[in-house]
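Novice: Fit chains B, C and D to the known structure of chain A by using the hints.
Each chain, written out:
Number of protein chains: 4
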Amino acid sequence: MAAGRELGIIGLGKMGGNMAERLRQGGIQVVGFDFSAEAVKRLTDAGSTGVSSLEDLVKNLSAPRAIWLMVPAGKPVDDTIAKLKPLMQKGDIFIDGGNSNYKDSQRRYHELEAEGFKFVDVGTSGGVWGLKEGYSMMIGGEEPVVESLRPIFEALAPGKDLGWGYMGPAGAGHFVKMVHNGIEYGMMQAYAEGFSIMGQKKELNLDLEKIAQVWRYGSVVRSWLLDLTADALKKDPGLEDLEAYVEDSGEGRWTVMEAIDLNISAPVITESLIRRIRSREENNFTDRMLAIMRNAFGGHAVKKD
Amino acid sequence: MAAGRELGIIGLGKMGGNMAERLRQGGIQVVGFDFSAEAVKRLTDAGSTGVSSLEDLVKNLSAPRAIWLMVPAGKPVDDTIAKLKPLMQKGDIFIDGGNSNYKDSQRRYHELEAEGFKFVDVGTSGGVWGLKEGYSMMIGGEEPVVESLRPIFEALAPGKDLGWGYMGPAGAGHFVKMVHNGIEYGMMQAYAEGFSIMGQKKELNLDLEKIAQVWRYGSVVRSWLLDLTADALKKDPGLEDLEAYVEDSGEGRWTVMEAIDLNISAPVITESLIRRIRSREENNFTDRMLAIMRNAFGGHAVKKD
Amino acid sequence: MAAGRELGIIGLGKMGGNMAERLRQGGIQVVGFDFSAEAVKRLTDAGSTGVSSLEDLVKNLSAPRAIWLMVPAGKPVDDTIAKLKPLMQKGDIFIDGGNSNYKDSQRRYHELEAEGFKFVDVGTSGGVWGLKEGYSMMIGGEEPVVESLRPIFEALAPGKDLGWGYMGPAGAGHFVKMVHNGIEYGMMQAYAEGFSIMGQKKELNLDLEKIAQVWRYGSVVRSWLLDLTADALKKDPGLEDLEAYVEDSGEGRWTVMEAIDLNISAPVITESLIRRIRSREENNFTDRMLAIMRNAFGGHAVKKD
Amino acid sequence: MAAGRELGIIGLGKMGGNMAERLRQGGIQVVGFDFSAEAVKRLTDAGSTGVSSLEDLVKNLSAPRAIWLMVPAGKPVDDTIAKLKPLMQKGDIFIDGGNSNYKDSQRRYHELEAEGFKFVDVGTSGGVWGLKEGYSMMIGGEEPVVESLRPIFEALAPGKDLGWGYMGPAGAGHFVKMVHNGIEYGMMQAYAEGFSIMGQKKELNLDLEKIAQVWRYGSVVRSWLLDLTADALKKDPGLEDLEAYVEDSGEGRWTVMEAIDLNISAPVITESLIRRIRSREENNFTDRMLAIMRNAFGGHAVKKD
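Residue numbers (the working numbering), protein chains in the order written: chain A, 306 to 610; chain B, 306 to 610; chain C, 306 to 610; chain D, 306 to 610.
Just chain A, with the same shape it has in the complex:
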C-alpha cells in the first residue's frame, strides 16, 4: 500500500496518539513508533501497528513512504530526520505535523529536497479535541506531494473538505499555524480581560459562567474558545485553585517577531504575549524601580518586603 492509504507516525503522545486513532477510524493503515512502550501498546491494542524501532517503522511501510513526525519542535525534529534518512528511499515523504518554526521547515525542505526526499509541513490545530472533532490542518510543501496525501488529511480533518487546506510552498503550513496561535493569544486575552472586569464589579454580583453560557448563542463573541470557557467556569466558577501563571509555546513570540520583521504593527497579539511573560515574573524589577523612582522624586512611600 502506498502513501495516502498508509502512514507512519513517530510520536504517540497526547496529539500523535489521538491522530493515529482518528486515522485508523478513517480507514488509514497506521504504523506507529514511540520511545514509550506503553504508548506503542496502546496503539496496537487499538488495532493499528505499533513498532519499537525506526527500522521496523520503515520496514512496515511500502514506498513511497509517508512518515508523520509528531515530536517536539527544534532539535528532536532534526534528530529524528537524521536517523530516518539512512533507512528511507528517494521519493519518501517526511511530514512535520508539530509546532516547528516555519524557517526550520523551509530549511528542512531544502535540505531534504537536495537529497531526493519530500517534505511537507503541517500546522495542526485541535488539541485534545481533535480525535472527536477532527484537526484543522494548514499544509505547506509541493502541491502534488500534498495532493498524494489527500486521504490522510481527509481522515484527520473535521470533514472531507473542511478544516484543512494547501497553504503554499514549504513553510507555509507552519507559518499560517504560527499566526493562528498569535490570534489565539489575542482572543484568549480579550476574553480573560473581559471576565476579569466583570468579576471585579462586585456590586453587580455577576455570574461569570451564566454570562459565558448566554454569549454562546447569538452574541458577536461566540466561539469555540467561549464554549470551552463556559465549560471550565462551570467546573470551577472562581478558578480558585489555579496559579496565575501562563506559559507560551513559541508560536506567539515568533508571530510577534515576524510582525516586526514584516513591519506590521500588531499591538494586540504583542500585548497578549507580553502579558503572559508578565505572569511569570516574580518580584518584578521594573515595578520595584518605579516604586523607588516615585520615592526619589516625590517622597512617596514604598512597600518593604
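Keep in mind the hints are simulated off the structure, nothing from the lab.
One should not assume that every hint holds.
It does not matter which identical chain is meant; a pair holds if it fits inside one copy or across any two.
For lysine to any residue, the following SDA-like pairs were computed, each having C-alpha atoms within a straight-line distance of at most 25 Å [claimed, not checked]:
(1) K437 to R455
(2) K506 to P449
(3) K437 to V607
(4) K388 to F340
(5) K437 to Y522
(6) K608 to I582
(7) K506 to P542
(8) K380 to K408
Specialist: Chains B, C and D only, in chain A's frame:
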C-alpha cells in the same frame, strides 16, 4: 393582553425593525412606532401594528404595558422616557434595549422606580443577523419584572433557553453588554492583525480567504466572527475599496474606563480601542513630533509634506 | 501688605511646608495653617507666621488676600473653600496648588467667580526637591490675577523667569500638570523596562548603577529622573527590599481618559498606567483564566496553588 | 606613537567626522579614511591626517594600532574588517563605534581573538551634539584593552570621568547602547503623546512651546530631550510641514526581541516601536479588516476610498 404577550417598540430601524419581525414570527403582538412613516408602514405590511404617535402606541397596549426602546443611547432615551411617562400608568415597564451606558440605566431605574414605573435594561447583541439567528440578550432589573417578560425574550433569543439571561440588578444588562463589546474589539483586532501579517508575507503568496475557511473547522480560533470574516474575504479578497477607518461606538471606551476605575489591567481591550482611535487620526501630531525629535538629536532626515 | 508680597498657605505637609519655607527665603510674608500643631510650630520656628485656625489665617492677611491651598485633591479642596468663603471678601484669591482634576478647577472657578472671588489653579511639580531647586508651576486662571501673584511664583520657581508660566484660562494649569504626570509615567516605565532587560542579561553581569551614571552625561536619555535613578541604584543596587507595588496618584488615569475623550491615541502613557495597575493585582484572575483555557483546549498543565 | 594617543578612523560622516575633530581638539593624533574625498579633505583641512586608502591608514599608525570603525552596521563592518586584517598585525585593536547588533560584536570578538587581534565595541550616543557636548560611550571588550584606549575615551567623552564606562565583555557595549535606544524610543513617545493631547485640547488653546520651556526647569520630566523639543517647537510651533513618518534604526526592534528572549515584559518600549511601524503603514489592512467586520455583523457603514 398583558406584558409578556404583547410589546410596544419605539424605533423601527435596522435593529428595532428586525426585532419586531422576529417577535411577530414568535407569536408576540407588536405595536411599533417610528418617526419614519416608511418604517411604520414596513411594520404594518409585515402584519404587526404600526402607529404614528406615542399616544397611539400606549393606547394600543393593555396594562401593565411593556415598551421596548430601541433608540440611540444618551439623550434620545431620556427624551423618549420623558414623553412616555405622562401617557403611562404605574406598573408599566420601560425596556431599554439599546447601547446605553450602564450608569444611565442605573439612574433611570431609580428615577422611574421612584415614580412607580418599572425599568429593565437589555444589552442586545446579534446585529443584522438577529432576525434569522436570534438575539443574545443580557438583562438587568428586578427579577420578577424580567420574568414577566419571558415570552418576549424567548421569542427574540436564538432558542427558548439559549442566548439570553438575567444578569442582575438594574444596569447589569448594559454592563455585561458593554464588556461584551470590549471583548469583541479585542477579538476583531487579533484576527485583523493576524491576517495583516499573513497578507504581508508576500513570498508565501497566502490566500487569506482560504485560510479563513480552513480555520472555521477544527481550529482553536473558530468563531462566528471568523465565519463572517471568511465571507467578507470571499466577496472582496483584498478589501481594496475600503478606507482604513474604524469607528467605535461607545461601549469599547466605557469598558476601558471601567477597567481603570476597577483597577483591572486590560491591555488588549485597551489597545484595541487605541488602535481604532489611531485609525482616525490624520497627519498624526505624535508621529510628527517623534520625527522632529529624531532630527533634533541625531540629524535624522524628516519627510516634508 | 497685599497679594503678591504675602500669602496664606493651608496645608503645611511635605509639599506645603517646603513651599512656605522657600517663599520665606524669597522674601514673601507667609501665614500658614495646618491641622497639625507640630507643622504649624515648624513654620513659626522657621520664622513665618503659623496660625491655628482659618479665622486667624484670614485675619493675618490684608485684602485682597491670596490663600494657597495645598490639601488633598477632591472633597478636601471643596470643604476648605466652603469654610473659607464666609471669612473672605470679594476680590480675594483662592489658589489651588494641589493635584486637582482640571474639571474641578474649572467648576470651582465658575462657582467662585459668581460670588466675586478669584480662583487660580497651579499645577506644581518638583516634589521633595522643590525647596532646594524650585518648583515648576503651570498656572491657569485670569491672566491679570495670575500677574498680581508674580512675586510669589518668582520666589517658588527655579528662577525668576524659569520653570513657571501662565498656561491659559482656569483649569489650564491643572490640565497641563495632569499631562505632565502622564508623560512622567511613560518616562519612568521606559527607564524601568530598560534596566530590567539589562539586569536580566546575566551573562554580561552589567552594573546598573554604573550604566545610569554613564548615561547621565552626553547620552540621549539623560534627564533629572535618570539622575535620581542613578542615586537610588547607588544606595540600593539590587532594590532588594522593595515590593513590586506601584501606586498611581490620579493624574495618570485622568490623562488616559482625557486622551480617549479627545480621540488621541496614547498607547505608551496608557500602558504605563495599566502596568501600575497590574503591579497591584494579586493572584490575577485574567491569568488564571488564560491558564484554564490553555488546559481546556490543549490539555496544557496548570499550576495549582 | 602607540594606541591611546593616536587613532585611525574609518568613516568620516556626520558622526565619524565630528568625533575625529573632537579627538583632535583633545590632543589625539587622528588618521582618517573615507570613500568620500571631500570628507577626507575636511579632515585634513581641520588639521588631522586624511588618507585615501586603508593601506595608507594602517601605514600612518604605529603598532599596536587602534582603528575605530564608524561605518553602517551589518555587512559594511564585516567587509571593512576583512579588508583591514591582511594589513594589520597581531595585537592591533579594532574598535566598532557604530550601531552594531551586540551578537555580531560577540561573534567578531571571537573571530578576531582567534587570529590574535583585539576587538572593542563602543555604543556611542550623542548624535550631532557630540562634537560640542561630548559623546556618551558604553564600552565592551577585554578590560586591559579598553584601559589602553583611555585617553581616546577621555577626549571624546563629555568629561574626563563622565559619560563613558567599561560595561563588560565583548558585546556589552553594544548591548547597553541597544537598550539605551529602546528607552529613548519610550521617552520620545511619552513626550509626543503628551504634547498631542495638549494640542488637541482646543478649548484651552495651549502654547506647546511655552509648556516645554516651563517644564525644562524644576519639573519631574525635565531632560535633554525636552530641551531639544522646546527648541524644535520654537522653530516650528505647529510642526506643520512634517510628515507623520518615523523611522526606526534597528536598536529599538532588537531591544524588543531581546526582552522577549529574556522573558522580560517591556510593554512601553515595545509599544513605542509598534507605533513607529504604524506610522509607516499606509491604507492599513488591519483597519480595513476591522471596518469590514463591523459591517458584516452590525451593518455599520464603511468608508469607500
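Novice: Now look at each hint and say whether the structure bears it out.
Specialist: Hint-by-hint comparison with the structure:
Only within a single protomer do K437 and R455 lie at most 25 Å apart by alpha-carbon distance; the minimum there is 20 Å, versus 36 Å between protomers. In this assembly of identical chains, the alpha carbons of K506 and P449 lie at most 25 Å apart only when taken from different copies (23 Å versus 56 Å within one copy). Proximity of K437 to V607 under the C-alpha cut-off of 25 Å is restricted to the inter-copy arrangement: shortest distance 23 Å between copies versus 54 Å within a copy. Taking identical chains as interchangeable, the C-alpha atoms of K388 and F340 lie at most 25 Å apart only when both belong to the same chain, with a minimum of 14 Å there against 52 Å between chains.
Taking the shortest Cα distances, K437 and Y522 sit within 25 Å of each other both inside one copy (22 Å) and across copies (13 Å). Both within a single protomer and between protomers do K608 and I582 lie at most 25 Å apart by alpha-carbon distance, with minima of 24 Å and 15 Å respectively. In this homomeric assembly, K506 and P542 come within 25 Å of each other (Cα to Cα) only inside a single copy, at 16 Å, whereas the closest approach across copies is 40 Å. For a Cα distance limit of 25 Å, the shortest separation of K380 from K408 qualifies both inside one copy, at 14 Å, and across copies, at 22 Å.
The structure agrees with every numbered hint stated previously.
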